[in-house]
Each structure stands twice: as C-alpha cells, then as structure tokens.
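Participant: Residue-level listing of the chains:
2 protein chains.
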Amino acid sequence: MSTISCHIGILGAGQLGRMLAMAGYPLGHKFGFYGLSHDEPASMLGHMHTPTQENTDDTSNLDDLVSFADVITFESENTSVELVKQISQITPVYPSATSLYYAQDRGREKALFNQLAIPCAPYALVNNLTDLEAAVNTIGLPAVLKTTTEGYDGKGQFVIKQPEQLYQAWLSIGERPAILEGFVNFKRELSIIAVRNANNEHVYYSLVENQHRDGILRLTLAPAQQIDPAIQQQAERYMQALLDKMGHVGVLTLELFETEAGLVANEMAPRVHNSGHWTMEGAQTSQFENHIRAISGLPLGSTAARQPFAAMVNIIGEHGDIQAALKLPNVHVHLYDKAERAGRKLGHINVLANSQAELNQTLEQLQAWLS
Amino acid sequence: MSTISCHIGILGAGQLGRMLAMAGYPLGHKFGFYGLSHDEPASMLGHMHTPTQENTDDTSNLDDLVSFADVITFESENTSVELVKQISQITPVYPSATSLYYAQDRGREKALFNQLAIPCAPYALVNNLTDLEAAVNTIGLPAVLKTTTEGYDGKGQFVIKQPEQLYQAWLSIGERPAILEGFVNFKRELSIIAVRNANNEHVYYSLVENQHRDGILRLTLAPAQQIDPAIQQQAERYMQALLDKMGHVGVLTLELFETEAGLVANEMAPRVHNSGHWTMEGAQTSQFENHIRAISGLPLGSTAARQPFAAMVNIIGEHGDIQAALKLPNVHVHLYDKAERAGRKLGHINVLANSQAELNQTLEQLQAWLS
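Taken in order, these protein sequences are the chains called A and B. Each residue of the first sequence is one higher than the last, beginning at 4 in the working numbering. Each residue of the second sequence is one higher than the last, beginning at 4 in the working numbering.
None of these hints come from the bench; they were simulated from the model. Do not take every clue at face value.
Which copy is meant is left open, so a pair is good if it fits within one copy or across any two.
Below, computed lysine to any residue pairings styled on SDA-like, alpha-carbon distance capped at 20 Å [unchecked claim]:
1) K330 x N202
2) K330 x L303
3) K190 x Q368
4) K330 x E204
5) K248 x G143
6) K330 x T262
7) K330 x S8
8) K190 x N130
9) K330 x N131
10) K330 x Q287
11) K348 x T6
12) K330 x T6
13) K330 x A308
14) K330 x H205
15) K190 x S70
16) K164 x A244
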C-alpha cells in the first residue's frame, strides 16, 4: 500500500459520503460508513456499519467504525458536537467539533460572521412568541424565521410578510429555538467553496450562482457570470477568516446573497455542498477529492476550471429520461441509487461548455429536469 | 432506483474491476466481484465473492455472483470460455464467449485478422521443437515465439535472433502450444479502443502511442502525434470488422505496430486496457464508463478528448513520491491499493495539457516514474 493511503470513516452514508468515497479510492484510501441502513447510497462503497436497529440514531455500533478509521469526517452539520468530541479522544475528526459548533447553529454562525466583519442580515434570537414579537419590532418585515438548528432545503423556515403571521410562523417551525433574520433584497444567490488542510494551505473555487425552487437547489452555474474580480477576492477573504478562526480542516461552503451593497453571507456548511457538485468534471480537482486530501494530510489540488462554462442540474423527485441525458456530449450523469420520492435529490447532471451559447443549448436540452 | 440501473457482476477484482465499478456507480448500478481474495483492489467496491479457499481457481462460490447479477463481464481474456458459456445459460455475459474464444488464443486471433484482411505479422503454429524448426525456415529470423494463451506484459515470449536459440526459446516459454511470429520492424507501438453496444452503436477513441520497457507499458501519449486521418479511419475500419464479426458488446482494444507499410495488428484484448486509462479525465466518457454503458444496454458516450494533449504514466513496482505528483496541476493520480512488488502495476498518473510544451514539461516533472 502507498505511504499516503489511510482508512477514512464517514459519519453518514448518503450521496455525499458516496461521492467522497469515490473521490478517495483513487488516492489509495479505504472507506467505512456509519449510516442508518444498508440501503443508503454509500452502502456498497466500503465497510458499512449501522445501528443494531436500523434507521435509529443509536450509536452503539459506532466503535467499529472508529477502530477501523485513521481519520473520521461527517456528511452533515447536524452531527452531534458532543459525539464528535468523544470520537476525537480516540481518532481525529475533521472538520473538528469547533467548526461543527459554529456551523450547526444559526445563532452562533451569525455571531461569528459579525465578529469577523462578514456582512450578514440583521437577526435576533427567538425562543418564544414574545421574543418573536420583539424581534419583528426591531428588524421589521418582511423577515425570515428559521430554526437555529437542523434546517436544510428550505425546511424549518417561514417568510413572515405581515404582522398577523407571527403565530402561524412560530407554529410552522415547530415552536423551537429560532432566529429572525431581516429579509435580504438580493439579485442572485451565490456560493463559494474553500478548502484548508492542517498545513494551512488554502484553496478557493470560483463563486457560483445557485437557483432554487421550493427551497431546493435546482441549478448551479459555474462560474457565476459577471463577477468583478474584487468580489471574488472579497469572498475569498471572508472564507479565509472563517477557515482560520475555526481552524477548519476540509471543505467549507458559504452561501451568499449578491445585493446592491455587495455580498451578504447567508449560511455556511462545514462540508462538501450541492453547489460544488459541478467540480466533479468541471474543476481540475473536485470538492470531494480536495476534502479527502485535506482530512488525510495531503497537498490540496488545483481548483481551476477545466472548461470556461459549467452547470449542475439536480435530479429531483423523479429520475426522468436518463438515457436522453446520456446521449448528450459534454454531459455527465451522477445517480445516487435512491428511490424516487417527491422533493428528494436523486442525482445530478453536470454540463460542460466552451461558450455561453453551448451551455445554454445544453441546458435547453435538459429542460425536463429544470421546469 | 432509476430504470437504467442494474446489478453488474465482474469476474475478477483487480484494478480493472475497481475502475469499472467506480465508473458504473454514477449510473446507479451496483457491483459484485468474483476474485481471488478479500485483499484485491476492487474488494471494497461492491459485494466480494471469493473461493472457499482463497487464492485458488475454485469457482464453487460463483453462483452467488451469478444470482446477484443482471449482467456479467470479466477483467481478463484468460477467463475460461467454457465457464462463460455455462454462466450465459443463466445470466448474459458481455463480451460473449465468442469474443473470448478469439481473443484468448493467438492462433485464432491471427486467423481472424487474416480472414478480415487486417494486416498482421506472418505466423505459424508451433506445438513442438520440430514445428519450431519448420516455422523458422518459413518465417525467417528474427522472430518471436509466444505461447498461444495467457501471455501478458511480455511474459511467455522469446525473441529468437539466431538459429541456435531454438531450444532455449522452446524451454523458455514452457514447451507449451505457441506461435512463431515474424519480427515486425515498427516505428511506434499504437493502440485503438473501440466500443460496441447491443444496439449496434460503435464509437472509437483516437489512436494512442504506447511506450513499453521490459514488456510493460510505461507511457501512453493520447492522441498519438502525426497520425494521418486516413490511418485513424483505417484503424476504425479494422475495429468495426472485428466488433461486428464477433458480435462484440463492450470495449475492445487492438494493439498495432506503425510500420513503413502502414498499420500491422499485434493483438487484441476484449476488455478495457491500460492504454485507455488516460480516458478517465482525458475523454468526455472514459473507456470504463463506455464499457459499463455498453454491457448495461445504455447509449454510448462521446469519445472526444477533453484537452488537446493527454498522457498516462504507469506507477510500476514502487509508489514513489505520490505527494509530489499530487502537487502538480493538470495531473490526476489513480492508485490501486496494491502492495509494492517489482514489475507490478500499482497505479497510474494521468496528465492533461493544452500544448505539446505543457505536456512535455509535466512529463519532465514525472521523470521519477518514467526513468
């Protein structure tokens, strides 16, 4: 075996774990997963460990993964900070509990943005309906009520437009600890992906544009068009501040709003991200490979684009006519081996092009997945 | 699960099976292998089946793979034709026993080349020393004595330069059924990879140049430089004749000599081939993905190059300083998770470039693996 190869454990066995493993095997690494069941997307791609009773959050069999692994990473920012601290006593976990602590709670995340002078929406912590009324008085409407933890793909959010919606909003998010955020009037939604390894190397991918529907990412355009180089540099400075402050090792994603006044941070994820899936064929080194390189102590790879234009189209709910997509040149299909279900991410299609016209033409041919 | 997804069984679990599986998971397929032991390169990448007594050629546990699989393929042309015929009674095997029959025996292969008017070296079948003497009288010296079956990486071959070497040559190849081939005075060694699916689609990659040392492939240059388009077309015509004659489904590789008189066929392999590893990042669709597409009834993907120049450098015997390679942009490392051993293929490094100068510069930086 090569001297660079190691055993990597992943908490979670969904599509992110699946794509991390596929990016890591070519480096000679071996993979193990702790997932909910043997049906999960990553389950064929390494040693699969599950709770004794599948589909529960029991961690009694986690020891098997920990003893297998030289290093452990996780798929979700909702991973328990306490659990990661416990594992870290035995086996290194990257990103560390510190990154997880900040990234899994919107209140801590916003406080960190403020501390690092990264612009973000005004916000207030909300623990009950009285807090919410006070917060609305300070921040004004429209505003967005979000649970502090565990929201994703638009879940756990309510856009409050009128004062009489407060109770409805509070019920809607499950009467849980939340923050109220001022509504940001944005032109586009952007994101940036950065990577840091323990040797303090930093690399950054280009800002990309993300288009959502019903709170779910549908389309990423890479790079985002008409971005002033100064804006890219500013985004990279924000990322460097976050990476260094948290001592982050691995991929970090920051979602941003592009506004008249400049970039406004929305939220960060301490992991590979759907808006980075275009990098699989679109960049010299994918976000998945760079995450694996970072956590396994290897030099980071080039983030340069391989072609001038790329896009990522999510396959949501139903697979559709995959054979039609496979017939297109410059298109790469990535399926996650998941059963169809409304709103579920089943795969994605990467598109590469040498011109905007070529990109638009191919996206036109993929309209079935975008409409 | 998607309607295109299926279960694929692979006879063998080496690096070819490993890379086939990694190319097939993104299509939603699942993989199983029948290999010698749980230490093989593909063993982590699907259901692994082995003989009851590992590292034997016992096939008693093969039923498990056959019942798992919707379709079966193989890694090696040395797979038993009889075994493939038996399996085919239950589960389709692609390429079929017909392709295997021709490709695993140099005598049958040469006869097929002659039948299809594909130029190849003069040859004679040799079953004993008397045959060898007669063959040398007909064909002349120098000539190459090769076992009809199971030779690879230069094993089972002897170049006869002088008449007094006949006995030494016969002993050297193990006194087994062989052919004597006239020595071909070639300028370069080339190869071409083609793919056919059951819907009679054919696609072809560009001719590449292969540089060997001690009978082992060291370097592939893709595409081969200074190839007249008429030569590429001729190679494609030869491939189409072979694919159609054998009803081949999957990847077929043909090694060729470039001579003053044109292309001369050397040998074919009914499988993905080391000289096609550059396609992983170098082509729109890799040879591995196209093989999987072909055997699983999907449309074939574009074989166009993604950048004008590509190369593949084999990692032989020792891994060397992999971190140094990882630091180079435009370079992709693929390790097979194998222990170091003299002459063993441990991985390969793909190089991509936009100019000959850029390619040469990167190959210079990879000299440790080429010298």
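Participant: If a hint holds in the structure, say so; if it does not, say that too.
Facilitator: Consistency of the hints with the structure:
Taking the shortest Cα distances, K330 and N202 sit within 20 Å of each other only across copies (14 Å), while inside one copy they are farther apart (43 Å). In this homomeric assembly, K330 and L303 come within 20 Å of each other (Cα to Cα) only across copies, at 7 Å, whereas the closest approach inside a single copy is 34 Å. Taking CA atoms no more than 20 Å apart as the test, K190 paired with Q368 passes in neither setting, with 26 Å inside one copy and 45 Å between copies. With identical chains, the CA atoms of K330 and E204 are at most 20 Å apart between copies only, with a shortest distance of 12 Å across copies and 40 Å within one.
Neither within a single protomer nor between protomers do K248 and G143 lie at most 20 Å apart by alpha-carbon distance, with minima of 31 Å and 76 Å respectively. For the identical chains of this complex, K330 and T262 are neighbours neither inside a copy (39 Å) nor across copies (37 Å), given an alpha-carbon limit of 20 Å. In this assembly of identical chains, the alpha carbons of K330 and S8 lie at most 20 Å apart only when taken from different copies (16 Å versus 36 Å within one copy). For the identical chains of this complex, K190 and N130 are neighbours neither inside a copy (31 Å) nor across copies (79 Å), given an alpha-carbon limit of 20 Å.
Neither within a single protomer nor between protomers do K330 and N131 lie at most 20 Å apart by alpha-carbon distance, with minima of 54 Å and 52 Å respectively. Taking the shortest Cα distances, K330 and Q287 sit within 20 Å of each other only across copies (12 Å), while inside one copy they are farther apart (24 Å). Within a single copy, K348 and T6 get their C-alpha atoms only as close as 37 Å, which misses the 20 Å cut-off; across copies the closest is 16 Å, which meets it. With identical chains, the CA atoms of K330 and T6 are at most 20 Å apart between copies only, with a shortest distance of 16 Å across copies and 41 Å within one.
When the C-alpha separation of K330 and A308 is checked against a cutoff of 20 Å, the pair qualifies only between copies, where the shortest distance is 16 Å, while the shortest distance within a copy is 24 Å. Taking identical chains as interchangeable, the C-alpha atoms of K330 and H205 lie at most 20 Å apart only when they sit on different chains, with a minimum of 13 Å there against 38 Å within one chain. Proximity of K190 to S70 under the C-alpha cut-off of 20 Å is found in neither arrangement, the shortest distances being 48 Å within a copy and 55 Å between copies. In the homo-oligomer, the alpha carbons of K164 and A244 never lie at most 20 Å apart, since the shortest distance is 34 Å inside one protomer and 70 Å across protomers.
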